[in-house]
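Visitor: Since chain A is already given, all that's left is putting chain B on it; use the hints.
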Amino acid sequence: MRGQPVRLSELDPNFKLEVIAREANCDITACFCCGTCTAGCPIHEVYPQHDPRKIVRMVNLGMRERALSGPYIWYCSDCWICEQRCPQEVKFSSVWNVLKDMATKEGYPPPVSINEDMCSGCGICAASCPYSAIELRIQNGKRLAHLVTTLCRGCGVCGAACPSAAISVNFFEDEQLFYQIEAPAA
Amino acid sequence: MAKPKVAFYWCASCGGCEEAVVDLNEDLLKVADAVEIVFWPVALDFKRKDVEALRDGEIAVSFINGAVRLEEQEEMVKLLREKSSLVVAFGSCAHMGGIPGLGNFWTRDTIFQRVYNEVPSVENPEGTVPQERTGIGIGELTLPEFYDTVKTLDQTIPVDYYLPGCPPPPDLIMNAVNAILTGKLPEKGAVLAPEKALCDTCPRAERKPEKLSIKEIKRPYEVKLDPEKCFLEQGVICLGPATRSGCGETCIRANMPCRGCMGPVKGVIDQGAKGLSMIASVLGLEGEDEMTEEDIKKLINGLVDPAGTFYRFSLPASLLTRRRME
Numbered sequence: 005m006r007g008q009p010v011r012l013s014e015l016d017p018n019f020k021l022e023v024i025a026r027e028a029n030c031d032i033t034a035c036f037c038c039g040t041c042t043a044g045c046p047i048h049e050v051y052p053q054h055d056p057r058k059i060v061r062m063v064n065l066g067m068r069e070r071a072l073s074g075p076y077i078w079y080c081s082d083c084w085i086c087e088q089r090c091p092q093e094v095k096f097s098s099v100w101n102v103l104k105d106m107a108t109k110e111g112y113p114p115p116v117s118i119n120e121d122m123c124s125g126c127g128i129c130a131a132s133c134p135y136s137a138i139e140l141r142i143q144n145g146k147r148l149a150h151l152v153t154t155l156c157r158g159c160g161v162c163g164a165a166c167p168s169a170a171i172s173v174n175f176f177e178d179e180q181l182f183y184q185i186e187a188p189a190a
Numbered sequence: 076m077a078k079p080k081v082a083f084y085w086c087a088s089c090g091g092c093e094e095a096v097v098d099l100n101e102d103l104l105k106v107a108d109a110v111e112i113v114f115w116p117v118a119l120d121f122k123r124k125d126v127e128a129l130r131d132g133e134i135a136v137s138f139i140n141g142a143v144r145l146e147e148q149e150e151m152v153k154l155l156r157e158k159s160s161l162v163v164a165f166g167s168c169a170h171m172g173g174i175p176g177l178g179n180f181w182t183r184d185t186i187f188q189r190v191y192n193e194v195p196s197v198e199n200p201e202g203t204v205p206q207e208r209t210g211i212g213i214g215e216l217t218l219p220e221f222y223d224t225v226k227t228l229d230q231t232i233p234v235d236y237y238l239p240g241c242p243p244p245p246d247l248i249m250n251a252v253n254a255i256l257t258g259k260l261p262e263k264g265a266v267l268a269p270e271k272a273l274c275d276t277c278p279r280a281e282r283k284p285e286k287l288s289i290k291e292i293k294r295p296y297e298v299k300l301d302p303e304k305c306f307l308e309q310g311v312i313c314l315g316p317a318t319r320s321g322c323g324e325t326c327i328r329a330n331m332p333c334r335g336c337m338g339p340v341k342g343v344i345d346q347g348a349k350g351l352s353m354i355a356s357v358l359g360l361e362g363e364d365e366m367t368e369e370d371i372k373k374l375i376n377g378l379v380d381p382a383g384t385f386y387r388f389s390l391p392a393s394l395l396t397r398r399r400m401e
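Note that the protein sequences, when read in sequence, are chains A and B.
Residues 5 to 190 in our numbering are what the first sequence spells out, letter by letter.
Residues 76 to 401 in our numbering are what the second sequence spells out, letter by letter.
Next up, chain A with everything else stripped away, as it sits in the complex:
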């Protein structure tokens, strides 16, 4: 996205107010972009595109579509080191949840995908999905899990339950989880 100009006419000045209205402790206008959040973020180590400071900046500037449609809000793996370290006490845990909720409601599906080459049709995901967003369909005589994106809320239960590495959820890959485990110790 580097190098793209921000057009004032495309900004939504009410976006940050909507976010704050959703959750009382979501006041991100306190952010002065010091970058402490990004510096401590274990996911940023693996995926530099995931940059909490930038996302908060986007919201403050009113870049609604860019913030909600991109995959970046889904990269977060909820460790909240950013929240603990923020000198301005921005409640990232609430902000991220609100942004994810707004994204799904505005039709930007969470980045969940099922790899048909790995799916064995065991049905564990379909059974455990709390939103009934996974259906088992017969393809070429074999059962395969199929994601109904409009129902998916990106909770991640299927990805944790899938025993055959066929479901990828919100960038919660093993590598990210390992970084997350190591981060507090670093």
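FYI, nobody ran anything at the bench for these hints, they're computed from the structure.
Heads up, some of the hints might be wrong.
What the hints assert, rightly or not - List of simulated lysine-lysine pairs, DSS-like, C-alpha gap at most 30 Å: (1) A:K109 with B:K286; (2) B:K153 with B:K259; (3) B:K286 with B:K304; (4) A:K146 with B:K290; (5) B:K304 with B:K373; (6) B:K286 with A:K146; (7) B:K105 with B:K259; (8) A:K146 with B:K283; (9) B:K293 with A:K146; (10) A:K104 with B:K286; (11) A:K146 with B:K304; (12) B:K283 with B:K293; (13) A:K146 with B:K341; (14) A:K95 with A:K58; (15) B:K80 with B:K153; (16) B:K299 with B:K372; (17) A:K146 with B:K105.
Guide: What follows is chain B alone, placed relative to chain A:
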């Protein structure tokens, strides 16, 4: 042209992998025709010095089964690695530690205590246990060290390919041998078996329920198993969803659930953790809102020996590796 040289070796194993080679039946004659076997302790009278006399890399491929438990095994596999162009980890124990790997829930001392003192059929009033060095009148007898921790083959030497299974099925062995003889090998480090999980080829897949939910966990002997129904539907832990296919579904066809010997599917680091999270995801799913804490506890307690169930073949290769040493 000289025939490619092949070696077979066994470490901590039961001998079943050697049986699997014999199970090739007539195909074994074709293999014996196409290669020169230079080392095979279970069947042929070659000695260690015969291997030592070979040039480095002279053996085209060594098939090594069993986990690494003893000092002697470590020495031998290191020697074979030097002398071989390719090393194939043959069977579950070499691949992931296998059944001997469950010894990692214990230590050398606790294992010796059990085996040489506590087992009801053992009479050992002096509490004698094997020693690495024993002085006798005319000199000293030595035994290889028995390690505290069982290792997989690739935790000991670099491994080129893996043939999974307890034991590996004959068709996968023949495919591997043919691939090696013709040089049509996948990238190094590959597991020479299909990538998908066992449910993909399970003969019971078609009759699987739309929504799995385990009401009560049962062990196979506690229930009259319906030979048509999915094991999980019957409350019996089956690791099929978390286990690589390619075994020929022999256990399933004998009406026994999958125990996971083929290891995890491609991309999974820890098979046991996947098995555990998969069962946890469908345990008591139906009617879970009405369940009390007591009900949940009872349901979970139905799972006897979770570590042994989920890590039956893969403990040394897992993230856990072993029980923590005090």
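Visitor: What's the verdict on K286 of chain B and K304 of chain B, does the C-alpha distance respect the 30 Å limit or exceed it?
Guide: Holds, at roughly 13 Å.
Visitor: Against the 30 Å threshold, does the CA-CA distance of K95 of chain A and K58 of chain A hold or violate the hint?
Guide: With Cα atoms ~15 Å apart, K95 of chain A and K58 of chain A stay inside 30 Å; holds.
Visitor: Given the hint that K109 of chain A pairs with K286 of chain B, does the C-alpha gap stay at or below 30 Å?
Guide: Since the Cα atoms of K109 of chain A and K286 of chain B sit roughly 27 Å apart, the hinted pair holds (cutoff 30 Å).
Visitor: So if I understand the rule, the pair passes when the alpha-carbon distance is 30 Å or less; does K153 of chain B with K259 of chain B pass?
Guide: holds (26 Å)
Visitor: Keeping to a limit of 30 Å between CA atoms, is the pair of K304 of chain B and K373 of chain B held or broken?
Guide: holds (24 Å)
Visitor: Can the restraint linking K146 of chain A and K283 of chain B be considered satisfied, given a maximum Cα separation of 30 Å?
Guide: holds (12 Å)
Visitor: For K146 of chain A and K290 of chain B, compute the direct alpha-carbon distance and say whether it is at most 30 Å.
Guide: holds (26 Å)
Visitor: Hint check: K80 of chain B vs K153 of chain B, CA-CA at most 30 Å. Holds or violated?
Guide: It holds: about 17 Å lies between the C-alpha atoms, which stays within 30 Å.
Visitor: Within a Cα-Cα threshold of 30 Å, do K293 of chain B and K146 of chain A meet the stated pairing?
Guide: holds (28 Å)
Visitor: Please work out if K105 of chain B and K259 of chain B have their alpha carbons no farther apart than 30 Å.
Guide: holds (18 Å)
Visitor: Holds or violated: K146 of chain A and K341 of chain B, Cα atoms, limit 30 Å.
Guide: holds (20 Å)
Visitor: When you check the alpha-carbon spacing of K146 of chain A and K304 of chain B, does it fall within 30 Å?
Guide: holds (17 Å)
This entry does not satisfy hint 17, going by the numbered hints stated previously; all others are met.
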